[in-house]
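*Asks:* Sequence:
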Amino acid sequence: MDRWGNKPIPEVADLRPYSAQVTVSATKNTGLDQLLEAVEKALTQSLYEVTLRLPFERGDLASLLHEMGSVQAQSHTEDGIVLKVRLTHDLYERYKEYRV
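So the mapping is simple: the numbering used here equals the position in the sequence shown, first residue as 1, plus 18.
These aren't lab readings, by the way, just hints derived from the structure by calculation. Just to be clear, a hint being listed does not mean it is correct.
Capping the alpha-carbon separation at 16 Å, the derived lysine to aspartate or glutamate pairs in EDC-like fashion look like this [to be verified]: (1) Lys102 with Glu115; (2) Lys114 with Glu96; (3) Lys114 with Glu67; (4) Lys102 with Glu67.
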């Protein structure tokens, strides 16, 4: 934004490939909160929210989910470890056999 001075900010002709348009100025410290919100929204929309049941002997997978995914809830049942998680597409593909 600062580079444009008093000139109008150019418009993007086709916004369809983009999830948001945010005007940001690091010099004036404006728009940064909106940028962070837009990034968070875009990342959140690309996640799969699923419930998984892992066998107890696969605690290594549960640990990996805590490191690489976003575990919303975890409980233990007679059948194994149940996790409600938000996963990227790659992690979803890796864990989809454990879906409940």
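*Asks:* Compare the structure with each hint and give your call.
*Replies:* So, going through the hints one by one against the coordinates:
1. Lys102 with Glu115: Distance of about 14 Å is within 16 Å: holds.
2. Lys114 with Glu96: 20 Å, violated
3. Lys114 with Glu67: 11 Å, holds
4. Lys102 with Glu67: 7 Å, holds
Checked against the numbered hints listed earlier, the structure breaks hint 2 alone; every other hint is satisfied.
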